[in-house]
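A.B. asks: Each chain is listed here by its residues.
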Amino acid sequence: MFSNFDFDVIVRSLPYLFYDGMTFTLTLTALATAGAIVFGTLLALMRLSGLPPVALPAAGYVNLMRSVPLVLMIFWFYFLVPYIGQWITGASRPIQVGAFVSSLVTFTLFEAAFFCEIMRAGIQSIPRGQVAAAQALGMTYPQTMGYIVLPQAFRNMLPVLLTQTIILFQDTSLVYVLSITDFLGAASKVAQRDGRLVEMYLFAAAVYFAISFAASLFVRRLQRRVAIVR
Amino acid sequence: MITISHVSKWYRDFQVLKDCSTDVEKGEVVVVCGPSGSGKSTLIKCVNGLEPFQGGTITVAGISVGDRKTDLPKLRARIGMVFQHFELFPHLTVTRNLVLAQVKVLGRGKMESEQRAMQLLARVGLADHARKYPGELSGGQQQRVAIARALAMDPIAMLFDEPTSALDPEMINEVLDVMVALAADGMTMMVVTHEMGFARKVARRVVFMDHGEVVEDAPTAEFFGQPRSERARVFLSKILQH
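From first to last, the protein sequence lines are chains B and P. For the first sequence, the positions run 4 to 233 when my numbering is used. For the second sequence, the positions run 697 to 938 when my numbering is used.
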């Protein structure tokens, strides 16, 4: 049944697919994850602060982000970020940031909502006595969080954080709506140029599967290793 | 050293502490006892401001705990506290548990902090376990590490919140021995405990609480010899029976 297929197109386009496409996908995944964990942790601390003026905006932000389709956010930010940049810097024209920065900002802000909920669960999983013990030693709130609560929460939640990162890795393919050359974008361009849609999309699916599956196996092994002995 | 005067505390409508007063002088050991839910743990947590209170005042070394202007972290750094469930930091080694606050709160050098940590671990008999994680130690060992961690801050007074209640019976004595030695060294101690043997041996005074009130505050011999209140008599007869 594969007689009509030309799998040679894959070999020919490998450098383009991986050097251009996958590099972009992985860079976007890594940077967005890093940014989203930092921002998400901050949101989680805000939500758990117990101060309504701080907690409510964070809760609202998280609920908003989780209620809007990601594709829509990618579109929105692509058109909005230049204007926000203009507004912040007071420039006379919308600031062109390019598709990469725009998608990075989108994914960071969007994923932060999910990482916030993960970190919130992680922080809540730390017994209150740990906070009391840190305070009793004279630690301030930032010290208590920085040295005692967050390191433990982070370790407890590491498997979930990485699983979310795998989802993020798959979601980055949505940047095709901005005609960016990520891995899927590259495959799609080759597919249309050479008229080899089935081959290229099959290959792309296989690559996404291989990477995601390998990563989740790794997460499962890691899970057993990082668990804190209590 | 510690003066508690007319302290009251409410959880919404429920009053957990009712006009509690007592004091602990420098070098004195005071045991606080009473039935579960009598408010004794809550009271001791008010002393270093872990629990807020609405009425009355508590002063430690002349500093008012309830005062909004008081730098609570700074005050807490000078008061050691030992918890029922140890609350060692499970992600740090025993040594790091003792060193962390010395470095980050007191601003001590790393070398000096580690020396002090080793010195105190030797004192509680756990020098060999310095590199282990808390999860690798028994309950009694963990509680001794917790005492060493509090002592590493060179506190002016120590608060113990039921330090042996979560321990298996065979581990209680190793912790009490450390506390007795500490008392013998002249440490100011306020101890919430059910260990009446310990109270008899080292406490100068016993404070008996029930339903959020200080019912009795008497010298140890007097408290065990002829308790004035009926409630204290009932309590003592219940826990001294066996």
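No lab work stands behind these hints: they were computed from the structure. It cannot be assumed that every hint is accurate.
What the hints assert, rightly or not - When the alpha-carbon atoms are kept at most 25 Å apart in a straight line, the in silico SDA-like pairs for lysine to any residue are as follows: (1) P:Lys770 with B:Val152; (2) P:Lys828 with B:Gly149; (3) P:Lys934 with B:Val152; (4) P:Lys770 with B:Arg96; (5) P:Lys800 with B:Ala213; (6) P:Lys765 with B:Pro154; (7) P:Lys800 with B:Arg228; (8) P:Lys770 with P:Pro731; (9) P:Lys828 with B:Pro154; (10) P:Lys828 with B:Ser52; (11) P:Lys828 with B:Met148; (12) P:Lys934 with P:Met883; (13) P:Lys800 with B:Ala135.
A.B. asks: Does B:Arg96 lie within 25 Å of P:Lys770 when you go C-alpha to C-alpha?
C.D. replies: violated, 51 Å
A.B. asks: Would the pair P:Lys800 and B:Ala213 pass a check requiring their Cα atoms to be no farther apart than 25 Å?
C.D. replies: With a Cα-Cα distance of about 45 Å, the restraint between P:Lys800 and B:Ala213 is violated, given a limit of 25 Å.
A.B. asks: Do the alpha carbons of P:Lys770 and B:Val152 lie within 25 Å of each other, as the hint requires?
C.D. replies: It holds: about 20 Å lies between the C-alpha atoms, which stays within 25 Å.
A.B. asks: Given the proposed pairing of P:Lys934 with P:Met883, does the C-alpha separation stay at or below 25 Å?
C.D. replies: The given pair, whose Cα atoms are some 30 Å apart, is violated under the 25 Å limit.
A.B. asks: Would you check the hint for P:Lys828 and B:Ser52, treating anything up to 25 Å between C-alpha atoms as holding?
C.D. replies: Violated, because 33 Å separates the two Cα atoms, which is more than 25 Å.
A.B. asks: Run the distance test for P:Lys765 versus B:Pro154: straight-line Cα separation, threshold 25 Å.
C.D. replies: Not satisfied, since the Cα-Cα distance of roughly 31 Å exceeds 25 Å.
A.B. asks: Quickly compare the C-alpha distance for P:Lys934 and B:Val152 to 25 Å and report which way the hint goes.
C.D. replies: Measuring from Cα to Cα gives roughly 40 Å; hence the hint is violated.
A.B. asks: Decide if the proposed pair is consistent with the structure: P:Lys770 and P:Pro731, CA atoms, cutoff 25 Å inclusive.
C.D. replies: Given that 25 Å is the threshold and the Cα spacing comes to 33 Å, the pair is violated.
A.B. asks: Just to be careful, I want the Cα atoms of P:Lys828 and B:Met148 compared with a cutoff of 25 Å; is the pair within it?
C.D. replies: Given that 25 Å is the threshold and the Cα spacing comes to 23 Å, the pair holds.
A.B. asks: Is P:Lys828 close enough to B:Pro154, meaning Cα to Cα at most 25 Å?
C.D. replies: Distance of about 18 Å is within 25 Å: holds.
A.B. asks: Given the hinted pair P:Lys800 and B:Ala135, is their Cα-Cα distance within 25 Å?
C.D. replies: The hint holds at about 17 Å.
A.B. asks: Keeping to a limit of 25 Å between CA atoms, is the pair of P:Lys800 and B:Arg228 held or broken?
C.D. replies: violated, 29 Å
Going down the numbered hints, you'll see the structure goes against 3, 4, 5, 6, 7, 8, 10, 12, while the others check out.
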